[in-house]
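Here is what each chain is made of, one letter per residue.
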Amino acid sequence: MSLAAARLAQERKAWRKDKPFGFIAKPEQQPDGAVNIKKWKCYIPGKAGTPWEGGLYPLELRFADSYPDTPPECYFPAGFFHPNVYGTGKVCLSIVNPQPIGSWKPSITLAQILVGIQELLDTPNIQSPAQMPAYQCYRTKRAEYTQLVRKQAAQYPPLD
Amino acid sequence: MADETVKQEQKHITLIVKNQVGEEVQFKVKLNTVFEKVFKAYSDKKGVQNTKFLFDGHRIKATDTPADLDMEDGDTIDAMLEQLGGSQRLSQ
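Sequences listed follow chains A and B, in order.
For the first sequence, counting from 1, position 110 maps to 110 in the numbering used here; every step adds exactly one.
For the second sequence, counting from 1, position 28 maps to 28 in the numbering used here; every step adds exactly one.
Isolated chain A, as found in the complex (with noise of 0.2 Å):
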């Protein structure tokens, strides 16, 4: 087993003793039942007492061969609207950005990952926007940005 698929292993692991409350993060099952150790299907719920409360974000992860050395790659849906989330839907944010950029430290683990972008959701960094739509709404117009993130909390309900 190489360096990467045993310590996802080991996430894996540890995510099922003891996780964070709501979140859900397990990889990706292929259609003939194998797993894709490389490849994790998340979910993330957006914080109470915050307008992205009651949406429950779906979040890929992407691990490279060279995982833990470098961070693995986040994924919301394209089009996703947020200040620092990328037209693609990759996340922006420093923790799983790679050294000298970002902070990435092969220690992180991945529920810190994960609750460090729920973190994100309702406290964006304005200094390093992503994309216009989100960041132009959040900067002008904020009545009409907070009334964006519940529609959009809106078209990610709890999976049931």
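The reader is advised that the hints may include incorrect statements.
Unchecked claim - List of simulated lysine to aspartate or glutamate pairs, EDC-like, C-alpha gap at most 20 Å:
(1) B:K61 / A:D160
(2) A:K17 / B:E23
(3) A:K13 / B:D70
(4) A:K19 / B:E72
(5) A:K13 / A:E28
(6) B:K28 / B:E82
(7) A:K39 / B:D56
(8) B:K37 / B:D75
(9) B:K52 / B:D75
(10) B:K52 / A:E53
(11) B:K28 / B:D44
(12) B:K18 / B:D73
(13) A:K17 / B:D75
(14) B:K30 / B:E82
(15) A:K41 / B:D70
(16) B:K11 / B:E82
(17) A:K19 / B:E23
(18) B:K40 / B:E82
(19) B:K45 / B:D70
(20) B:K45 / B:D68
(21) A:K13 / B:D44
(22) A:K26 / B:D75
(23) A:K47 / B:E23
(24) A:K17 / B:D68
(25) A:K13 / B:E82
Unchecked claim - Per the computed footprint, the stretches of chain B lying under chain A, defined by three or more beta-carbons under 8 Å from a beta-carbon of chain A, are:
(26) 19-30
(27) 66-78
Unchecked claim - Interface residues of chain B toward chain A, partial, derived using beta-carbon atoms under 10 Å:
(28) G47
(29) V48
(30) T51
(31) K52
Source of the hints: derived by calculation from the structure; they are not laboratory data.
Quick reminder that beta carbons are idealized off the backbone N, C-alpha and C, glycines included.
Since the structure of chain A is provided, determine the placement of chain B on it from the hints.
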């Protein structure tokens, strides 16, 4: 072969049920125990109704068993309050 199956089913595992505020209740169950029993024990203990139980994002059915869901010792389950957004539609 038959003996082995019986042994497997009688094995106990501990499951941890966690709620929104992080409170945990542990249950020692057999792999072939139906969840209906766990649900009942949980609501009796916590005094709550209308709870849904999620494992790996799937809602656990009363008829499921830990073996059905490939559960292992120490696995965690989320206990969420059933809630409905918005207000109920008023009749006209």
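Exercise for the section: Find the hints from earlier in the document that the structure breaks and name them by number, from lowest to highest. Expected result: 6, 14, 16, 19, 20, 21, 25, 28, 29, 30
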